[in-house]
Every structure is written in C-alpha cells, then in structure tokens.
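Asker: Listed below are the residues making up each chain.
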Amino acid sequence: MSFLGYYVSSGSPVHGLDPRVKLIVAISLCMIVLQATPIFLSAIGIFLIIMMLISRLSLKSVLLALKPALPLPILILLLHLLFTAGTPIPPFPLLHISITDQGLATGALLAERFMLLYLSAILLTMVTLPSEIIRGIEKLLKPLELLRIPTSDLALMLSLALRFIPLIDEEVVKIREAQSARGADYHAGNLMKRMRTATALVIPLTFNTCSRAEELTTAMEARGYRGGPRSYISELTMKPFEYLIIALAVVAVGYILLS
Amino acid sequence: MIKVENLAYRYGSSDPPVLNSISLAIREGEFVAIIGPNGCGKSTLIRHFNALLQPDQGTVRVDGLNAKDPSDIAEIRLRVGMVFQNPDNQIVGMTVEEDVSFGPGNLNLAPSQIQKRVKEALAVVGLQNYARSPSHALSDGQKQLLAIAGVLAMEPKYIVLDEPTSSLDLTARRSVLQVLNKLHRQGVAIIHVTHHVDEIVGADRVIVLDQGKVALDGRPEQVFCRVDWLKARGIAVPQATELMWRMRQLGADVRTDIITVDDACAELLALINR
Chain A
1 MSFLGYYVSS GSPVHGLDPR VKLIVAISLC MIVLQATPIF LSAIGIFLII MMLISRLSLK
61 SVLLALKPAL PLPILILLLH LLFTAGTPIP PFPLLHISIT DQGLATGALL AERFMLLYLS
121 AILLTMVTLP SEIIRGIEKL LKPLELLRIP TSDLALMLSL ALRFIPLIDE EVVKIREAQS
181 ARGADYHAGN LMKRMRTATA LVIPLTFNTC SRAEELTTAM EARGYRGGPR SYISELTMKP
241 FEYLIIALAV VAVGYILLS
Chain B
260 MIKVENLAYR YGSSDPPVLN SISLAIREGE FVAIIGPNGC GKSTLIRHFN ALLQPDQGTV
320 RVDGLNAKDP SDIAEIRLRV GMVFQNPDNQ IVGMTVEEDV SFGPGNLNLA PSQIQKRVKE
380 ALAVVGLQNY ARSPSHALSD GQKQLLAIAG VLAMEPKYIV LDEPTSSLDL TARRSVLQVL
440 NKLHRQGVAI IHVTHHVDEI VGADRVIVLD QGKVALDGRP EQVFCRVDWL KARGIAVPQA
500 TELMWRMRQL GADVRTDIIT VDDACAELLA LINR
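Those protein sequences? They're chains A and B, same order as listed. Residues 1 to 259, numbered by the working numbering, are exactly what the first sequence covers, in order. Residues 260 to 533, numbered by the working numbering, are exactly what the second sequence covers, in order.
Isolated chain A, as found in the complex:
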C-alpha cells in the first residue's frame, strides 16, 4: 500500500495483537501527544522506540517511512524561530533576523508533537495489515449500527478504496505514457498551460476509474454481494491481556486530559 509506512511482516508479538488494541493504543497516543507537556512527550518518544524494537522493525525502515513527512515539522520550526516575539538568543539579532527563546521553545514543541503523531501512525501501519486495520475499525464502529449506520458496508468501501490505489497508480502511469507518446509535456509552459495538460490526465483517469468501478460492482454482484453484514475468513478475538492494554490506554488518556 502506498500510504504511510508499508506493512513489514516480522512475526513479532505486536504484529499478532488484535487490530482493535493497536488502533486504540495509536489513537490514545495521538490524544496524549496533543495534550502532553514536553517531559511527557519525551516519555512517549521512548515508548515508541521501545515499541519499534519489540515489533522488530529496523530503524532504517522507520526513518525511511518518516522521510516524506519531514518538510512539515521543519517548516513549523523555522516559522516559529523567525516570527515569534521574545528575548533574542545571542548572537541574534543578526542582519535583522532574530531568533527568540520563546520561538525555539514553541517551534520545537510543535515539531516534536507532529513527529510523534506521525510516528504513532506509521508504526501502526507497519505492524498491521490494511485489511486488519479496516476489520478493526469495523468492529470498533459496530455500536453505530444501532443508529442504522451500515458499518460493514463502510468497511467494504474503505477496503475497496485501498485495493484500488495500486490500480489507479498504474493507470496514471499508463495514461501519462500514452499522452507523452503523443507529444504531451507535463513540465513545459506556465502554470495555466501545465494545468491544462493535467486535465488531459484527469479526464481519462476519471472515466477509466468509473468504468472499472462499474465492472467491479457487476463482479461483486455475481459473487453474491447484497450489502449488509458479511462473515470473514477469521474472527477477531481479544485475549484478557489485550483488554488490559486497552484499559491502560484509556486510563492514560483520562489522566492526561484531566490533569
């Protein structure tokens, strides 16, 4: 899957956990990160590194997954450094640029928060298959069925969307090649011209995706799909210690939010 971190199968105990446990822990971590003080943030950083080690993920693979997200925290840090008023840190102000202690503090805190949020998310996707995540979400949303929200259909939609990502990827390459072969240049000209060339990509892509979707629905109908609850090849079951982990996560979130 070409989003966040790729699933790395290492057979660790974390991989074997029920997806609901991992989802709830990841969500709790995100909530804590948004509220926590700098000391707590470091503790969460250490916790995530320990999780990475238990999950037998290599530092390299995690850093590689982090890389595309780096520009944003760096930008956050830079903006805060340059535009926050406060006491300048020597040797500033230099050439009308001043970096203040407040700027450094808030910038670093926000950048750190962002990195920890992102790290929690990629660790989740690296130790959980997309299909497991969707099953987990479906199970967690189950109570919404009381409100007549079709959770199993929503889960199927989500998984079909993921299933189509690599296909649409391929489609884009194909169309781009076909257009290039007929002389389209995606990098030439001013912004207006480039946008017009992009239209030539978007229109056939939309068209093809729609006809794909139509064929897919026919095939799904032919295989007996009628909407509504379906059964799965394996049933999700939680062990007592997994309930304990969820309870701990909930208590931690409660403590942070209330303190």
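These are calculated hints, taken from the structure and not from any lab test. Do not take every clue at face value.
Pair by pair, the computed Cβ-Cβ distance ranges are [claimed, not checked]:
| # | chain 1 | residue 1 | chain 2 | residue 2 | range |
| --- | --- | --- | --- | --- | --- |
| 1 | B | D315 | A | M31 | 56 to 66 Å |
| 2 | B | Q387 | A | I168 | 25 to 35 Å |
| 3 | B | W488 | A | P150 | 47 to 57 Å |
| 4 | A | G45 | B | D399 | 44 to 54 Å |
| 5 | A | E214 | B | Q372 | 26 to 36 Å |
| 6 | A | S12 | B | G461 | 49 to 59 Å |
We treat Cβ as the ideally placed atom computed from N, Cα and C, and that holds for glycine.
Add chain B to chain A, keeping to what the hints say.
Answerer: This is chain B only, laid out in the frame that chain A set:
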C-alpha cells in the same frame, strides 16, 4: 440445466435488439464454447445465465429457478459462477486469501468453513502458496486464476467465463485452460466465451452466435466444417480444418470435419495410402 427459451433483450427501449429469440439448453457437466463476431451478443447472453440481466421476453431458468424472480436470484448466482475478462476489475480483496473469501463471506458462512473453501479453491487453481500475497502483485495469468478461485469458493455447478484469456499470454492461457478442463472432469459445467480457436477444440459443444441469434450449435467438428460460413463472418477455424478445406477445394478427397492436428495427420496418411 440452464434452459433459455425465446430470449430477447435490448439495452434501451429505442436500441436495436441485441438478442433475438434465443433458445438453448446447457446440461450439467457440459463444456460449451460460445463464439461469434464482436457485438453478436455473447456477453449479453451469458449475463442472463446468472441473472445479471433479466430477459425482456422469454425465460431463463437455472435448474428450474426463474431468473426473472427476485427471490430466486441469490440461489441462481450461487449455482452459476461468473468470471470476467479483466481480472483486475473483479478482484475485491487486498490479499489472495481475502479475495477468495469474499463470496463465502457474502453467504455468511462460519470462518472455519470459509477457510476450508478458500484452501480448496486455491489448491484447484494452484495458488495455494500465494494465500497471503497481495492480489495486485500477481501476474495477469495468476490474477485470472485467482478470479476463478473466487468463483470456485462459492461451489457453483456452472461456471461462465467471458473471454477470460483474451489479455493473457500463451503460458497463462494454457494454465487457465488446464484449470477449466480439470473442473470439467470434476463435473462442473463450463460455459466459455472465447476468440481462441485452440480453446474450443476440446469443448463438448460449440454455439456460434450471429446477430443475436444462435447460428450454429453442435460438436466442434460439426461446427468448424462450415468453413465458408464461418470465414465470411470473420470467425477463425482450426488450422487443421482449414488445411483439409483447402485441400478439398483443390480436389483432394478428404473429410473436412477434422479439428485436431492428429486427425488431420491420419487423414493425410490415409489419402497418401489410397
């Protein structure tokens, strides 16, 4: 038995009819090839076999179940599996195992039963070692085998295939055909729409559609010996048949109801020895 009587169908009320009073019956365990020029109505016809389309006129019955009756449709789709041309557009699951379990999951079977069916279906098509592989990473041929496995997991009595091999290379085509022959030997009826002559030769029966009507219906050798008629409609005949036909045109006294190379050799040897 799939029994079609006086079937007529048009896509829009102002469009010309795609199918015109078609009557035919397909027995259990039969291997039927359906051929015909593009636009002759092949795909439209077979979509009636599992109630994806409902007839405008006439009836389609599967083992006595009426395709027009909404309460029978689920049972019909259980009995008649359908494999389409483009495997990418019929694979639902992200992994091989998940995709095969889609059909049984729709039947709300218990997980243990689904596992059993998935295992069996993957073994039939030879993908048992790919159960956990991501479905989009398979080769085109493997994807089509996966699509067949997905249908097999429903344990159908009839499998309808709409040009499943048209985008495959020779090796992949052969493996798909091997699986079809295997299923046929196990007693599953195969209804195969194709453009490849070599895939028809082994069929029990060939139905040729032309302009929405059944033009020819019979054993492959009975159908292919109508070389002039088929050629006029752009339908290829086996090379062995064509060779016999040309020799006959040149005045040789040979049979033209020959479709395999072996039979052609025997006939030529007989001619030489005469």
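Asker: All hints, please: hold or fail.
Answerer: Tested hints:
Between D315 of chain B and M31 of chain A the Cβ separation comes to about 59 Å, which falls inside the hinted range of 56 to 66 Å. Distance hint for Q387 of chain B and I168 of chain A: a CB-CB separation of about 30 Å, consistent with the stated range 25 to 35 Å. Against the hinted window of 47 to 57 Å, the Cβ-Cβ separation of W488 of chain B and P150 of chain A comes to about 53 Å, which satisfies the hint. Checked against the hint of 44 to 54 Å, the C-beta distance between G45 of chain A and D399 of chain B comes to roughly 46 Å, which is consistent with it.
Hint check: E214 of chain A to Q372 of chain B, Cβ distance near 31 Å, so the stated range 26 to 36 Å holds. Checked against the hint of 49 to 59 Å, the C-beta distance between S12 of chain A and G461 of chain B comes to roughly 50 Å, which is consistent with it.
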